[in-house]
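Engineer: First to last, the sequence lines map onto chains A and B.
Residue numbers for the first sequence, in my numbering: 11 to 275.
Residue numbers for the second sequence, in my numbering: 11 to 275.
It is worth saying that the hints were derived from the structure and are not from the lab.
Here the structure is a predicted model, which is why all the values come from computation and not from measurement.
Take the hints with a grain of salt, since some may be wrong.
Given that identical chains are not distinguished, each listed pair holds provided it fits within a single copy or across any two copies.
[As the list claims (entries may be wrong)] Calculated pairs, BS3-like style, for lysine-lysine (alpha carbon to alpha carbon, straight line, at most 27 Å): (1) LYS37 with LYS86; (2) LYS235 with LYS268; (3) LYS72 with LYS139; (4) LYS167 with LYS275.
What follows is each chain in one-letter form.
Protein chains: 2
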Amino acid sequence: VGELIFIGLGLHDGTDISLKGLNAIKKSNDVFAEFYTAKLTGTDMKTLEKVLGTSIWVLTRKEVEEGTIVLEAAQKGRVAFLCAGDPMFATTHVDLMLRARHNSIRTVIIHGPSISTSAPSLLGLQHYKFGRTVTVVFPKENYAPESYYDQVAENMKAGLHTLVLLDIDADHDRLMTANEAMKLLEDIEKRNKMGVIKDDTIICVVGRAGSDDPTVRAGYFKDMKKEDFGPPHHSIVIPGKLHFMEAEALVGLAGAPKKIIDMAK
Amino acid sequence: VGELIFIGLGLHDGTDISLKGLNAIKKSNDVFAEFYTAKLTGTDMKTLEKVLGTSIWVLTRKEVEEGTIVLEAAQKGRVAFLCAGDPMFATTHVDLMLRARHNSIRTVIIHGPSISTSAPSLLGLQHYKFGRTVTVVFPKENYAPESYYDQVAENMKAGLHTLVLLDIDADHDRLMTANEAMKLLEDIEKRNKMGVIKDDTIICVVGRAGSDDPTVRAGYFKDMKKEDFGPPHHSIVIPGKLHFMEAEALVGLAGAPKKIIDMAK
Numbered sequence: 011v012g013e014l015i016f017i018g019l020g021l022h023d024g025t026d027i028s029l030k031g032l033n034a035i036k037k038s039n040d041v042f043a044e045f046y047t048a049k050l051t052g053t054d055m056k057t058l059e060k061v062l063g064t065s066i067w068v069l070t071r072k073e074v075e076e077g078t079i080v081l082e083a084a085q086k087g088r089v090a091f092l093c094a095g096d097p098m099f100a101t102t103h104v105d106l107m108l109r110a111r112h113n114s115i116r117t118v119i120i121h122g123p124s125i126s127t128s129a130p131s132l133l134g135l136q137h138y139k140f141g142r143t144v145t146v147v148f149p150k151e152n153y154a155p156e157s158y159y160d161q162v163a164e165n166m167k168a169g170l171h172t173l174v175l176l177d178i179d180a181d182h183d184r185l186m187t188a189n190e191a192m193k194l195l196e197d198i199e200k201r202n203k204m205g206v207i208k209d210d211t212i213i214c215v216v217g218r219a220g221s222d223d224p225t226v227r228a229g230y231f232k233d234m235k236k237e238d239f240g241p242p243h244h245s246i247v248i249p250g251k252l253h254f255m256e257a258e259a260l261v262g263l264a265g266a267p268k269k270i271i272d273m274a275k
Numbered sequence: 011v012g013e014l015i016f017i018g019l020g021l022h023d024g025t026d027i028s029l030k031g032l033n034a035i036k037k038s039n040d041v042f043a044e045f046y047t048a049k050l051t052g053t054d055m056k057t058l059e060k061v062l063g064t065s066i067w068v069l070t071r072k073e074v075e076e077g078t079i080v081l082e083a084a085q086k087g088r089v090a091f092l093c094a095g096d097p098m099f100a101t102t103h104v105d106l107m108l109r110a111r112h113n114s115i116r117t118v119i120i121h122g123p124s125i126s127t128s129a130p131s132l133l134g135l136q137h138y139k140f141g142r143t144v145t146v147v148f149p150k151e152n153y154a155p156e157s158y159y160d161q162v163a164e165n166m167k168a169g170l171h172t173l174v175l176l177d178i179d180a181d182h183d184r185l186m187t188a189n190e191a192m193k194l195l196e197d198i199e200k201r202n203k204m205g206v207i208k209d210d211t212i213i214c215v216v217g218r219a220g221s222d223d224p225t226v227r228a229g230y231f232k233d234m235k236k237e238d239f240g241p242p243h244h245s246i247v248i249p250g251k252l253h254f255m256e257a258e259a260l261v262g263l264a265g266a267p268k269k270i271i272d273m274a275k
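Could you put together the complete structure from these sequences and hints?
Structural biologist: Listed below in structure tokens is the structure:
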């Protein structure tokens with residue numbers, strides 16, 4: 011009987027892989043990966059194969075969605091399926107897992123660090139105070155959703171922080187920067203005027219989480235939108251009501267203006 | 011100059027530690043850990059020390075809160091500070107990090123898998139559809155907060171899922187079980203009657219996330235409250251509005267009644 015093991019490589023460069031994940035790769039007959047739903051920006055395939063001690067077959071979007079290659083291999087032996095972050099963030103992986111189960115293939119998930127906990131951690135913000143996570147997407151000619159703006163507004167109203175993930179355009183190998191996302195939010199603000207993004211709104215940016223030199227910044231929107239956060243991967247956090255301790259963390263860890271500590275008191 | 015490296019050991023037994031974390035431990039002069047804010051239920055200290063290849067000084071709550079031992083060691087050399095999950099979940103770790111910075115100690119965070127992404131992943135639920143996370147706490151004589159109930163209600167109203175974390179009573183080495191938490195929620199429901207917990211409410215339980223045999227279950231409250239989920243660690247997810255694909259996942263991965271797929275259509 012076959013086995014399909016989903017392994018999260020975590021953030022940045024693949025060295026976030028767990029000891030358990032490394033052992034599973036060693037015991038696998040085939041090692042696949044997909045990097046179109048999320049990318050590791052701090053490595054290349056050659057380095058990653060060296061770090062993980064295995065050769066890797068990188069699947070295209072079509073191959074993952076069809077699933078045939080992976081499922082056929084997993085019916086014959088033990089197969090590792092690698093991806094960035096935690097392995098079940100993408101619906102297409104859940105779909106693949108369900109299809110494996112329907113084919114009587116045993117499935118295992120080996121977790122990895124995810125941006126959804128790492129970004130709050132780097133900023134020193136309390137995890138339980140986050141509302142719904144949103145994604146700012148690249149606007150396309152016939153598809154420019156703005157629901158993420160409304161969802162940030164909802165969270166703010168409830169005093170909750172929002173993790174704002176940024177789109178990946180896999181076809182053009184392009185990751186949205188925090189500055190691009192701020193521009194999109196500002197444009198929607200100009201039309202909708204719900205007060206989500208004002209000059210004095212505190213905006214936090216985390217860049218290259220999981221690397222040795224992550225960018226961890228917080229400041230007023232008017233200043234942050236002009237700042238250079240280095241190469242992506244970037245994420246944004248728009249804080250809701252800050253606890254005193256969180257304000258201290260944003261000042262101490264992310265260089266936020268000291269004034270926010272008094273405001274949180 | 012000293013260095014303080016916070017390392018997340020992830021879930022269950024410490025084998026979730028990352029390659030990066032293992033390398034950092036090797037280079038550290040002292041290795042501390044705390045297990046009162048979160049526990050690894052699938053291992054013991056002797057096994058953990060063997061897995062990590064180091065001896066570990068486990069700190070008491072008082073020693074972590076005072077911070078003196080850790081900060082003095084980190085002023086002299088490279089110090090690893092281990093904990094379950096992701097390292098910045100507990101406020102007291104953020105506090106320790108800020109104090110290290112004030113003492114010109116370099117700080118590093120090495121992330122680990124967290125229950126807040128692992129539980130949704132195991133159930134195949136979409137991460138971005140989760141609202142605020144809540145914790146059900148052991149009621150004490152003079153302190154029996156019920157705000158977690160209201161917060162589940164808020165999330166439900168917005169169609170969002172709720173991750174319900176369960177309390178740890180470190181003094182008595184006791185972890186709340188899913189059944190205990192369901193009983194507490196049911197008791198509050200009887201008084202507040204907001205319809206958060208009804209007989210036919212879908213409840214999901216994840217047990218021992220990160221282990222080789224995690225419990226992944228979903229079903230009606232009336233059935234789930236009688237079920238045995240094995241030894242803790244347990245977490246609960248109370249789903250909001252289910253997408254068709256999520257309903258399929260709860261049926262396929264967690265044994266939920268097939269009826270919920272039709273309801274999600």
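Engineer: Determine for every hint whether it applies to the structure shown.
Structural biologist: Cross-check of the supplied hints:
For the identical chains of this complex, LYS37 and LYS86 are intra-copy neighbours only, at 14 Å inside a copy versus 41 Å across copies, given an alpha-carbon limit of 27 Å. When the C-alpha separation of LYS235 and LYS268 is checked against a cutoff of 27 Å, the pair qualifies only within one copy, where the shortest distance is 19 Å, while the shortest distance between copies is 49 Å. For the homomeric pair LYS72 and LYS139, the shortest alpha-carbon distance between copies (26 Å) is at most 27 Å, but the shortest distance inside one copy (38 Å) is not. Taking CA atoms no more than 27 Å apart as the test, LYS167 paired with LYS275 passes inside one copy only; the shortest distance there is 19 Å, against 31 Å between copies.
In terms of the numbered hints stated before, the structure departs from none.
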